[in-house]
Amino acid sequence: MSDLTNSMYGVLVARAGYIALVRAFRDTLVLTCCSAVLGLVVGVLLAFVRVRYRFSGRWRVANRAVICFVQIFRGTPVMLQLLVFGNLWRLSPWLVAILGFGFNSGAYVSEILRASVGEVDSSQYESACVLGFSDYQALRLVVLPQAIKNSVPALLNEFCSLIKETAVAGVVGFQCLAQVATVMNSNSSRAWPYVLVGVLYFIVTLVVSCGLNRIRRAVAAREIRRERLVEKTGVGI
Amino acid sequence: MIEVKRLVKVFNGCTVLDDVSIKIEKSECVFIYGPSGAGKSTFLRCLNLLERPASGDIVFAGQNILSPDCDVSKVRQRMGMVCQEFDLFTNYTVLDNITLAPIKLLKKPAEEAINEGCELLERFGIWDKIYSLPCRLSGGQRQCVAIIRALMMSPDVILFDEPTSALDNQMQLGVRDVVRDLCKSGVTIVGTTHNSRFAESVATRMVQMEGGRLV
Chain A
1 MSDLTNSMYG VLVARAGYIA LVRAFRDTLV LTCCSAVLGL VVGVLLAFVR VRYRFSGRWR
61 VANRAVICFV QIFRGTPVML QLLVFGNLWR LSPWLVAILG FGFNSGAYVS EILRASVGEV
121 DSSQYESACV LGFSDYQALR LVVLPQAIKN SVPALLNEFC SLIKETAVAG VVGFQCLAQV
181 ATVMNSNSSR AWPYVLVGVL YFIVTLVVSC GLNRIRRAVA AREIRRERLV EKTGVGI
Chain B
1 MIEVKRLVKV FNGCTVLDDV SIKIEKSECV FIYGPSGAGK STFLRCLNLL ERPASGDIVF
61 AGQNILSPDC DVSKVRQRMG MVCQEFDLFT NYTVLDNITL APIKLLKKPA EEAINEGCEL
121 LERFGIWDKI YSLPCRLSGG QRQCVAIIRA LMMSPDVILF DEPTSALDNQ MQLGVRDVVR
181 DLCKSGVTIV GTTHNSRFAE SVATRMVQME GGRLV
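Line by line, the protein sequences give chains A and B. Numbering follows our numbering, in which position 67 of the first sequence is assigned residue number 67; successive positions increment by one, without gaps. Numbering follows our numbering, in which position 91 of the second sequence is assigned residue number 91; successive positions increment by one, without gaps.
Just chain A, with the same shape it has in the complex (with noise of 0.2 Å):
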């Protein structure tokens, strides 16, 4: 245990290294947020174009060019990906490794997305045109927000996804936390470090999954005390 102690003690604090952890702790969170919005934006655009096709036929070209990008980036691993963005452009780091979570999270998104429109009513979107809407605005208006609202579960397990794969962009030489770990385990020689790494993540996706559900959960009963104040007065609010 004295070992134990004194080989946490040496690397943490003697060499300082707990400066190390905490600026890649930052680093990894705001490398998953800059990720994520990308991801959410290079997915809703995949998703518009194949749902359009869906729908009205239209972008027959794209569709096919989305359908290619998307099976390329989930049939592929997302390690081999930074490797290829990163020998590829010679960005800094921080680049490659937002770009290749990006556009990874992005083809899940859509995928995500898609199949929420799927639950969606195809007559919603007959009906939208009915009272006169184009195809853009029927989709815009009508079926995506109900198809946003069906893939909210599955976009926050996304994102928690995208928190712990983060743990391999040190392979393009941004230093994450499992590349800190794995520096502090060649001082150390023991496996704390990883441990340590590994408890960090956990309470990170449990603290974001907790946090997530509970908005989840108070827009759910929000929704219901306004259904029965409706059914209660007569009119709601």
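Take the hints with a grain of salt, since some may be wrong.
[As the list claims (entries may be wrong)] Listed next, the in silico SDA-like pairs over lysine to any residue satisfying Cα-Cα at most 25 Å (straight line):
1) Lys-164(A) <-> Gly-75(A)
2) Lys-107(B) <-> Val-78(A)
3) Lys-104(B) <-> Val-44(A)
4) Lys-108(B) <-> Asp-135(A)
It is worth saying that the hints were derived from the structure and are not from the lab.
For this one, chain A is given, so just place chain B on it according to the hints.
Okay, now just chain B, sitting in the frame of chain A:
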């Protein structure tokens, strides 16, 4: 107002509309009746371009709406439709359902659209459902909201696909009065129905359809 010339619609090799021709004048109230599968709903869907006919012409207000340069959205804004399945937007309240199109498409001020919507809801006796979601409404109430949604666009023509299929007698009388008032105010009505008594009470002309042909 509407002239349909030699309209043909084929689904998977099966001719659903066979050489249908009809001329409908402004302010006319034409109801098409006939057995299930006669092609009544398909005919209405072709008029609204929800289905593309295999051949034939549809001239609406002097314009062939099947020509490639025709703006389908503009045509649909002038030719409202109340579908058989109502198809209210499930994520919007009744008020949003009926005001979305006037606000977004006709650029009506929200206040004006809301006032207009409230008047119509009151007239149909469902004002208390103004903030309810469609899933909380009965079939009849949903149908009323679908009719109001079409009326809110002040169209020149309204297509009614089985307008009384989910209504009780009291509500049928309400719809009958609304259809009559619309005709009087110059709106052209084209509808389909199984309810011949309802059709006789409102239609200025009744047309029978059988096997995809007007008899």
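Hints and how they fare:
1. Lys-164(A) <-> Gly-75(A): holds, 18 Å
2. Lys-107(B) <-> Val-78(A): Distance ~47 Å between Lys-107(B) and Val-78(A) Cα, so the pair is violated.
3. Lys-104(B) <-> Val-44(A): holds, 23 Å
4. Lys-108(B) <-> Asp-135(A): Roughly 21 Å between the alpha carbons, so the hint for Lys-108(B) and Asp-135(A) holds.
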